[in-house]
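Residue numbers (the numbering used here), protein chains in the order written: chain A, 76 to 268; chain B, 741 to 829.
Hints may be right or wrong, so weigh each one.
What the hints assert, rightly or not - Taking beta-carbon pairs under 10 Å as the criterion, some of the chain B residues facing chain A (in silico):
1. Leu752
2. Pro754
3. Gln756
4. Glu761
5. Asp783
6. Glu784
7. Gln785
8. Glu809
Please keep in mind that the hints were generated in silico from the structure rather than gathered at the bench. Bear in mind the structure is a predicted one, so any value in this text is a computation, not a measurement. We treat Cβ as the ideally placed atom computed from N, Cα and C, and that holds for glycine.
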Amino acid sequence: MRWLGRLEFLLHITRTRGIARRYFVVNGFDGALTMLGILTGFYISEAADLRLIIGACAGAAVALAMSGLTSAYISERAERRRELTKLEEAMVADLSESAHGRAARWVPLLIAAVNGLAPLLISIVIISPLIFVWTGGNLATPALQTSIGVALFIIFLLGVFLGQIGRTFWLISGLQALVIALCTVALILFLGL
Amino acid sequence: MTEVKRLVLDVLKPHQPDTLELARAIAACGTGLRVNIGVEEMDEQTESVLVTIEGDDIDLQRVRAAIEELGGSLHSIDEVEVLGPVGSD
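Here chain A stands alone, though its shape is the one from the complex (with noise of 0.2 Å):
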């Protein structure tokens, strides 16, 4: 576990613990909304085939991730290069071997892999019922309807985490993003009729 360690430290020179930490919230966000628009567009349109919903779902996870995966990185390596060479800059000095060089190489990597992972973790989590289903599992109840519950659950999950981060009260941070979530279903409703 020592590199995690480092990646710690990395992050932390960096000052990009708060960035990986909106990355995962933002992206995160959207992977639970987007499968949540898809589910309830499959819902209103009764669609009954499972295979052909986790194949959209997992359509739109995996450009979800592709998309966060290569737009962070290519946006947080040019952020730590051009940190790097102003403070090159101001140090007179290469800095391509010290702590702050290795920074600018590995801060990028791991801030596309929050932003990429999140929306394809928390979409893997939101399809997973579908996919048991499908697999021959049974539930208790119908596996879309369990999904949409799964994606506004964890959509007030994270409603929870950024009230923890922005240390307001919990309950009212993770219904607030309960009522975007619940807004979005009624659009989508509204325009399917």
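Chain A is fixed; fit chain B onto it per the hints.
Okay, now just chain B, sitting in the frame of chain A:
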């Protein structure tokens, strides 16, 4: 054999890692090292610090490597205290 007992170094370093982390990294360069760091000057990106190290046998090369690992650079050695071989007669 000579032993370096005390060094005072003029170091330019980025704000991060902070002086406490720099002091810890330098102290880890030997056993029983006592490290004191005073900030002399602050700039937008950097700070000049005076590092005082006391110990039984300070390895300057290791100290320099630790400073450079954290992005700092050793500007000058301002003070030294070295103990020469102690005769038995």
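> What are the numbers of the hints the structure violates, in ascending order?
Replying inline: none
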